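Undergrad: Construct all of the structure, not just a fragment, from the sequences and the given hints.
Chains as they are written, first to last, in our numbering: chain A, 1 to 113; chain B, 1 to 112.
Simulated from the structure, these hints should not be mistaken for laboratory data. Remember, it's a predicted structure, so these values are computed and weren't measured experimentally. Here a beta-carbon is modelled for each residue, glycine too, at the ideal position from N, C-alpha and C. Among the hints, a few may not be true.
[Claimed, not checked] Computed footprint of chain B on chain A, listed as stretches where at least three residues anywhere in the stretch have a Cβ under 8 Å from a Cβ of chain B: (1) 41-52; (2) 71-83; (3) 104-110.
[Unchecked claim] Dumping the calculated PhoX-like pairs for lysine-lysine here, alpha-carbon to alpha-carbon at most 20 Å: (4) Lys-55(A) <-> Lys-70(A); (5) Lys-71(A) <-> Lys-55(A); (6) Lys-99(B) <-> Lys-53(A); (7) Lys-99(B) <-> Lys-55(A); (8) Lys-57(A) <-> Lys-99(B); (9) Lys-3(A) <-> Lys-42(B); (10) Lys-3(A) <-> Lys-71(A); (11) Lys-70(A) <-> Lys-53(A); (12) Lys-56(B) <-> Lys-68(B); (13) Lys-71(A) <-> Lys-53(A); (14) Lys-56(B) <-> Lys-71(B); (15) Lys-57(A) <-> Lys-71(A); (16) Lys-71(A) <-> Lys-71(B).
[To be verified] Far from chain B by the CB rule (all over 10 Å, computed), these chain A residues: (17) Val-4; (18) Ser-7; (19) Lys-13; (20) Arg-14; (21) Val-19; (22) Phe-20; (23) Glu-22; (24) Met-27; (25) Ile-60; (26) Pro-61; (27) Glu-62; (28) Ser-65; (29) Ser-67; (30) Arg-68; (31) Thr-86; (32) Thr-100.
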Amino acid sequence: DVKVTQSSRYLVKRTGEKVFLECVQDMDHENMFWYRQDPGLGLRLIYFSYDVKMKEKGDIPEGYSVSREKKERFSLILESASTNQTSMYLCASSQQGAVTEAFFGQGTRLTVV
Amino acid sequence: GESVGLHLPTLSVQEGDNSIINCAYSNSASDYFIWYKQESGKGPQFIIDIRSNMDKRQGQRVTVLLNKTVKHLSLQIAATQPGDSAVYFCAERRGSWGKLQFGAGTQVVVTP
Chain A
1 DVKVTQSSRY LVKRTGEKVF LECVQDMDHE NMFWYRQDPG LGLRLIYFSY DVKMKEKGDI
61 PEGYSVSREK KERFSLILES ASTNQTSMYL CASSQQGAVT EAFFGQGTRL TVV
Chain B
1 GESVGLHLPT LSVQEGDNSI INCAYSNSAS DYFIWYKQES GKGPQFIIDI RSNMDKRQGQ
61 RVTVLLNKTV KHLSLQIAAT QPGDSAVYFC AERRGSWGKL QFGAGTQVVV TP
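TA: Written as structure tokens, this is what we have:
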């Protein structure tokens, strides 16, 4: 069974903290994505990576960075957490050349206080 | 900017009835349109997709219709079951890296 695992289900951080969200996939997928999900706004793409050490900005990259040192792992970094980054964060992966099917993790609910 | 949007935020359906979830899109350059299902506490899961040069595609209990003239996408679920209760997202594929643009989602509630 394919699996995308996010390190935390729930996270509470203070304003100004540096936050790391980790994602691991076991499917040997080339593509990995970080989305943010907010009510009424659907899923918005923050960053994606199509290969190790490669990254591309999505639609809302401001305030975030990413790291992909190994193929199976994709990290999202909030350099200085702010309250408007309180949200559900979803990681996904897909095969290179996969047209439409991405596999999602269960999400990390981040609250910044 | 261009976006994928939904007509209704919540759809209540009686068990056994057919469900129709609608979606409007504005980016005519997208080559694929997709439906995802998100159950409570889980990440979205792929249901079905349709290429932009097609009008209809059927899966198991689901049918996706694409009307390019009015830029409208719909998902039909036959004989809706309690397990179909979820948020449904339409999405469009932009570019070759599998980047997906999602709509806001429709909550489907199946009542007995």
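Undergrad: Look at each hint and say if it fits the structure.
TA: Hints, verified against the model:
1. 41-52: holds (count 7)
2. 71-83: Not satisfied, violated; 0 residues make the cut.
3. 104-110: holds (count 4)
4. Lys-55(A) <-> Lys-70(A): Judged against 20 Å, a Cα distance of about 13 Å means the pair holds.
5. Lys-71(A) <-> Lys-55(A): OK: Lys-71(A) and Lys-55(A) at ~12 Å, within 20 Å.
6. Lys-99(B) <-> Lys-53(A): holds (18 Å)
7. Lys-99(B) <-> Lys-55(A): holds (13 Å)
8. Lys-57(A) <-> Lys-99(B): holds (11 Å)
9. Lys-3(A) <-> Lys-42(B): Since the Cα atoms of Lys-3(A) and Lys-42(B) sit roughly 12 Å apart, the hinted pair holds (cutoff 20 Å).
10. Lys-3(A) <-> Lys-71(A): Roughly 14 Å separates the two Cα atoms, so the pair holds.
11. Lys-70(A) <-> Lys-53(A): It holds: about 8 Å lies between the C-alpha atoms, which stays within 20 Å.
12. Lys-56(B) <-> Lys-68(B): holds (11 Å)
13. Lys-71(A) <-> Lys-53(A): Distance ~9 Å between Lys-71(A) and Lys-53(A) Cα, so the pair holds.
14. Lys-56(B) <-> Lys-71(B): holds (14 Å)
15. Lys-57(A) <-> Lys-71(A): holds (18 Å)
16. Lys-71(A) <-> Lys-71(B): violated (37 Å)
17. Val-4: violated (7 Å)
18. Ser-7: holds (14 Å)
19. Lys-13: holds (21 Å)
20. Arg-14: holds (26 Å)
21. Val-19: The claim stands: Val-19(A) keeps its Cβ more than 10 Å from every Cβ of chain B (closest is about 20 Å).
22. Phe-20: Consistent with the label, Phe-20(A) stays out of reach of chain B, its closest Cβ about 19 Å off (over 10 Å).
23. Glu-22: Since the minimum Cβ distance to chain B is about 15 Å, Glu-22(A) lies beyond 10 Å and the statement holds.
24. Met-27: Per Cβ check, Met-27(A) is outside 10 Å of chain B; nearest 13 Å; holds.
25. Ile-60: Holds, because the least Cβ-Cβ distance between Ile-60(A) and chain B comes to about 12 Å, which exceeds 10 Å.
26. Pro-61: holds (13 Å)
27. Glu-62: holds (16 Å)
28. Ser-65: At roughly 18 Å from the nearest Cβ of chain B, Ser-65(A) sits farther out than 10 Å, so the non-interface label holds.
29. Ser-67: holds (18 Å)
30. Arg-68: holds (14 Å)
31. Thr-86: About 18 Å separates Thr-86(A) from the closest Cβ of chain B, which puts it past 10 Å; holds.
32. Thr-100: Since the minimum Cβ distance to chain B is about 4 Å, Thr-100(A) lies within 10 Å and the statement is violated.
Of the hints listed earlier, those the structure fails to meet are numbers 2, 16, 17 and 32, in rising order.
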